[in-house]
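Add 8 to the 1-based position in the sequence shown for my numbering, that's all there is to it.
Since the hints were derived computationally from the structure, they do not count as laboratory data.
Computed from a predicted model, the values in this text were never measured in an experiment.
Every residue, glycine too, gets a C-beta built ideally from N, C-alpha and C.
Among these hints, one or two may not hold up.
As the list claims (entries may be wrong) - If you anchor each label on the Cβ, the simulated ranges turn out as follows:
id, residue 1, residue 2, range
1, S28, E63, 31 to 41 Å
2, F30, E63, 27 to 37 Å
3, E63, S42, 29 to 39 Å
4, E63, D29, 31 to 41 Å
5, P38, C58, 13 to 23 Å
6, K26, E63, 26 to 36 Å
7, G18, C58, 25 to 35 Å
8, M9, R57, 18 to 28 Å
9, P60, G31, 16 to 26 Å
10, I11, S52, 16 to 26 Å
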Amino acid sequence: MVIIGQVEPGGYLYMCFKASDFGSVYVRFPYQDSTFYPVGKSFSVFMARCRPDPESDA
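Based on the provided sequences and hints, a complete structural model is requested.
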């Protein structure tokens, strides 16, 4: 697992590089829980589930 982002409050996004689960994205809140929660089978699937950032210029 490699950290690829941060989520509020105090969580991190991880991408899996294990051959059987390559590219899957998980979220984990290390100071609250040791469980990795799946949020998408790929980064593009994860991004499709995300809400747009209202503060961005896009």
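Outcome for the supplied range 16 to 26 Å, where the beta carbon pair is P60 and G31: holds, 23 Å
C-beta pair I11, S52: status relative to the range 16 to 26 Å that was hinted: holds, 19 Å
Distance restraint evaluation - F30, E63, Cβ atoms, bounds 27 to 37 Å: holds, 32 Å
Pairwise beta carbon distance, M9 to R57, judged against the given window 18 to 28 Å: Taking Cβ atoms as reference, M9 and R57 lie about 19 Å apart, which means the hint holds.
Whether the CB-CB distance between E63 and D29 falls inside 31 to 41 Å: holds, 33 Å
Assessment of proposed distance window 29 to 39 Å (beta carbons of E63, S42): Because 32 Å falls inside the window, the suggested range holds.
Distance restraint hint 25 to 35 Å, applied to the beta-carbon atoms of G18 and C58: violated, 18 Å
CB-CB spacing for E63 and K26 relative to the 26 to 36 Å hint: holds, 35 Å
Outcome of range test on Cβ distance (S28, E63; 31 to 41 Å): holds, 37 Å
Whether the CB-CB distance between P38 and C58 falls inside 13 to 23 Å: Because 21 Å falls inside the window, the suggested range holds.
Comparing the model with each numbered hint stated earlier shows that hint 7 is the single one that does not hold.
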